[in-house]
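Protein chains in written order, with the numbering used here: chain A, 129 to 559; chain B, 2 to 469.
In case anyone wonders, no lab produced these hints; they're calculated from the structure.
Mixed in with the good hints, there may be bad ones.
[Unchecked claim] Result set (DSS-like, lysine-lysine): computed pairs, CA atoms no more than 27 Å apart in a straight line:
| # | chain 1 | residue 1 | chain 2 | residue 2 |
| --- | --- | --- | --- | --- |
| 1 | B | K132 | A | K206 |
| 2 | B | K125 | A | K206 |
| 3 | B | K187 | A | K388 |
| 4 | B | K406 | A | K559 |
| 5 | A | K351 | B | K406 |
| 6 | A | K393 | B | K125 |
| 7 | B | K448 | A | K263 |
[Unchecked claim] Beta-carbon label-pair distances, calculated as ranges:
| # | chain 1 | residue 1 | chain 2 | residue 2 | range |
| --- | --- | --- | --- | --- | --- |
| 8 | B | E117 | A | G200 | 44 to 52 Å |
| 9 | B | Q116 | A | G553 | 50 to 58 Å |
| 10 | B | L275 | A | K398 | 52 to 60 Å |
| 11 | A | G553 | B | G189 | 18 to 26 Å |
| 12 | B | P23 | A | R131 | 33 to 41 Å |
| 13 | B | E117 | A | G449 | 46 to 54 Å |
Quick reminder that beta carbons are idealized off the backbone N, C-alpha and C, glycines included.
Chain residues, written in single-letter form:
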Amino acid sequence: MSRELETARLALDALLEYGAQEASAQAQTSQKREFTIEGGRFTLLRTTLDHSLSLQALADRRRGVVSGNSFGEEAVRKAAEDCAASARAAQPDPAWELAKEGGGVFTDGAPEADLEQLFERTKELLDAIHREFPKIVVEQVGSEHVSTRGVYLNSHGVRYETLSGRYGLDLLFSGHEGEHSSSFNFTGVITDRLDRPFLEMGDLRQSLLDAENQIHTRRPEGKFEGRVIFTPACLGGMLGQLLSNYAADAVLLDGTSQWKDSLGKQVADKRLTLSASPRDPRVVCGERFTPEGFPSLDYDVIRDGVLRQFMLSAYAANKTGKTRAPNRSFALVMKPGDTPLSELIASTPRGLLVSRYSGGASNASGEFSGVAKNSFLIEDGKVGPAVSETMISGNLAGMLDRVAGISRETVEDGTGSLPWLAVDGIVISGK
Amino acid sequence: MEQEGRDLLPDIISSLHGSFAPGAHSELRAQRSLARRVTLLGGNLVANARTDQQGVSARVYRDGVYGFASAADLNAQAAKKALEAATDNARFLETRVRPGRGALPPIATGSFPRQEDFSDPEQKRYLDFVKAVDDYIRAKYPDLTSRTVVATADSMEKQLLTSDGYAAHTLAPRSYVYVFLNSQTKDGMPVEVFKPVGGAGSFDARFTDPAALYPEVDLLYGHLMKKREAVFAEAGLKTCILSGELSGILAHEAVGHTVEADLVLGGSVAGPNLGKTVASPLVSMTDFAHTAFGQPAPLPVYVDDEGVLAEDAELIRNGVLTGFMVNRETGRHFSMKPRGNARAYAFSDEPLIRMRNTAVHPGPHTLQEMIASTEDGYYLMHTNNGQADTTGEFMFGVSLGYEIKEGRLGRAIHDTTISGVAFEMLKTVDMVSDTLTWSSSGFCGKKQMMPVGTGGPELRCQVMIGGK
Chain A
129 MSRELETARL ALDALLEYGA QEASAQAQTS QKREFTIEGG RFTLLRTTLD
179 HSLSLQALAD RRRGVVSGNS FGEEAVRKAA EDCAASARAA QPDPAWELAK
229 EGGGVFTDGA PEADLEQLFE RTKELLDAIH REFPKIVVEQ VGSEHVSTRG
279 VYLNSHGVRY ETLSGRYGLD LLFSGHEGEH SSSFNFTGVI TDRLDRPFLE
329 MGDLRQSLLD AENQIHTRRP EGKFEGRVIF TPACLGGMLG QLLSNYAADA
379 VLLDGTSQWK DSLGKQVADK RLTLSASPRD PRVVCGERFT PEGFPSLDYD
429 VIRDGVLRQF MLSAYAANKT GKTRAPNRSF ALVMKPGDTP LSELIASTPR
479 GLLVSRYSGG ASNASGEFSG VAKNSFLIED GKVGPAVSET MISGNLAGML
529 DRVAGISRET VEDGTGSLPW LAVDGIVISG K
Chain B
2 MEQEGRDLLP DIISSLHGSF APGAHSELRA QRSLARRVTL LGGNLVANAR
52 TDQQGVSARV YRDGVYGFAS AADLNAQAAK KALEAATDNA RFLETRVRPG
102 RGALPPIATG SFPRQEDFSD PEQKRYLDFV KAVDDYIRAK YPDLTSRTVV
152 ATADSMEKQL LTSDGYAAHT LAPRSYVYVF LNSQTKDGMP VEVFKPVGGA
202 GSFDARFTDP AALYPEVDLL YGHLMKKREA VFAEAGLKTC ILSGELSGIL
252 AHEAVGHTVE ADLVLGGSVA GPNLGKTVAS PLVSMTDFAH TAFGQPAPLP
302 VYVDDEGVLA EDAELIRNGV LTGFMVNRET GRHFSMKPRG NARAYAFSDE
352 PLIRMRNTAV HPGPHTLQEM IASTEDGYYL MHTNNGQADT TGEFMFGVSL
402 GYEIKEGRLG RAIHDTTISG VAFEMLKTVD MVSDTLTWSS SGFCGKKQMM
452 PVGTGGPELR CQVMIGGK
């Protein structure tokens, strides 16, 4: 019996012994190996061994949650006791639920680390940046391998055993020429194989090239309504805000979502299909089961512009009378369009190509206003100079109604697959 | 002090000084981090969670590279193994990159006495407190579209042993209650206000009586009602009075990060500006270690995770950029004394250059004078978000603000964003209030999370504000 299974069993038995009527226990062991590069040179190698133990107790429909990282018998029993006590102190709520079916044994990605190859691929990336992008200063790189072995058990007999491993790379950089510099930017990838250079993965090459062209900037004149083309990296962040504002637990529970009555209705341009797809082959080591123990399945949030499914937990679904989301991940996949990116740009009379958005968290209204970072002006169908101190504002839901085009090209970074999205009607403010 | 269900970290490392390899700078740390959270959203208990994380870590420096290792066990054997693994990792890098940077300059050695212990209340204490506040809001303000009350507490307890610096056993608890109130404009547009209350210390020491929060709730509700009638700010470069909350986040995000030595080495705007005028002569700024203006700083740091005894780091004096925040290695590079800015979040994290309690110093004016002398502008009170660039370009979300017309506060404004370039904007500061306001509920994100304090007085300046 693995140590994870032994620990999960001990915890589950203890939860029931301390008074839980339903319970779940998840035990994981992880190992991380990571190289850190600062100022362009290797500075640190890390080995991190960790455990995690996540317990959930339901007692008379009251729920408590405890998590920790000790697998010692005394600590596990104490965690179970705390969890049951927390549940007893809570108010009852019949909406809490644990899965009654599901289970499986899964191996994903690359569980074994090849540290030498990771070092060589990382060094190769630094050398390539030095050689091919002389204006780039690499501020920080983290290149890592993480392997995880875990067991989930619940009192209804649901059991998952998982083993997974993945490589990851995060890159923080900026372009420099004398005392002039671009804004910093960051990018990264997750992968389960090191069979090609990091520079050819995700959007690394394009982001570095862009940063070299963002050292000297111009601030556009005045305020105008124009088209913004969001890069896949930026689009991911905007979609995250949008879905949190309109489709997630909190806003449906408190009734502030403006989409609360829009299920089955058109909320976006007909060309737009967006799914949460942790089982998509382009997603590395995606979610296998939800925190409630249900098996994770891909689903469309929006299909052909129609809202098909909210991103709800079982609890929020029971509470609101809506359907539970088939997974709880944010592994976003957007169906690509049929227009090349070059045509999207060529058809833009005036606007911005936005790679990073730095803005305040939008509230339930969806109004947003923030700075377009690492972005270029588009004039008369051509990408022009990089911009500085330029704000964009609009409404998150309104954006989906004013889609001007979706690119044929996509970027896969191991967490999802997104195209470039062109949106009209964004207010762009310069000086 | 009362202690519920909490034991101090066992001393598993102080006897291991002899295990440090000769010729290498080594750190050994045992750590326990606790987090408690209760959230009532519209009366529904959506979070009721306790988290305990513990473990040991070791970091070993050899000739310009570090090896690091950690394990989720709290015993001497795990500590020794972490030390061995960290040494192996340092050797792996040393043999491949041959850094040739030599040993780190010496620092003061000593032992810092353990601080007073804190209590760890059972979950029921948080639940009861949150429920009382929620009941008050529900009964008094039934017209709200939604309400959320959150109680949080977190703490870091660390025992540190270094080969050539300070040894220490430190405890850093903090506790907060957040209140979010939601309503709608007459056009049905959602509006929200929120406020965190709290600071350093355990939850039951900070929060003895829910009724003590009710005046804060009433004040917040008043702002919400005004925000229901809010107007959009007029976009453009405007005269704005930033509250202490905003000037604190400006100090942290737009100046503080650019003067962290690792980001200076990465090409931040601060590098070429050392010794130059970067702000109005009214502006001074310090990263305080544990005491500011004769009072305890909100989140005191006494010894950092490299074993450096913490002291204040002056950043700007009367408008001139005077220093960076460094760790031992970058201190050597810039010939600056390390002052205790190397901090690690989890037991499995290595120390990074981090801020502690970063604040703009108070000035000679009163807020009333500042408003009365402003013909046309905005008073920006609360922020919900802040980001800045290594160029000093910043953006802050403004979640509560008012117009100023002819020297008086006017209508509330809708959520908006302000932006600018720090070293340009700070030169436009022409009034600084005499009141320092601290915030400490947030986390700074820079590879790792980190609790930090930010503070400042009201500043009057010219800043770009977003509108409709």
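Hint check results:
This hinted pair checks out: K132(B) and K206(A) have alpha carbons roughly 26 Å apart, not beyond 27 Å. Distance check on the hinted pair: K125(B) and K206(A) sit about 16 Å apart at the alpha-carbon level, within 27 Å; holds. Simply put, K187(B) and K388(A) have alpha-carbon atoms about 19 Å apart, close enough for the 27 Å limit, and the pair holds. Between K406(B) and K559(A) the alpha-carbon distance is near 23 Å, which keeps this suggested pair within the 27 Å criterion.
Taken as a hint, the K351(A) and K406(B) pair is honoured in the structure, with Cα atoms around 24 Å apart against an allowance of 27 Å. The straight-line distance between the Cα atoms of K393(A) and K125(B) is roughly 43 Å, outside the 27 Å bound, and the hint therefore fails. Under the criterion of a C-alpha separation no larger than 27 Å, the hint pairing K448(B) with K263(A) is consistent with the structure, at around 24 Å. The hint said 44 to 52 Å for the Cβ distance between E117(B) and G200(A), and at roughly 28 Å that hint is violated.
At about 56 Å, the beta-carbon gap between Q116(B) and G553(A) stays in the expected band of 50 to 58 Å. For the hinted restraint 52 to 60 Å between L275(B) and K398(A), the CB-CB distance of approximately 56 Å keeps it satisfied. The beta-carbon spacing between G553(A) and G189(B), approximately 21 Å, falls within the hinted interval of 18 to 26 Å. One distance hint, 33 to 41 Å for the beta-carbon pair P23(B) and R131(A), holds here, with the actual separation near 36 Å.
The beta-carbon spacing between E117(B) and G449(A), approximately 51 Å, falls within the hinted interval of 46 to 54 Å.
The structure fails to meet hints 6, 8 from the earlier list, while all remaining hints are met.
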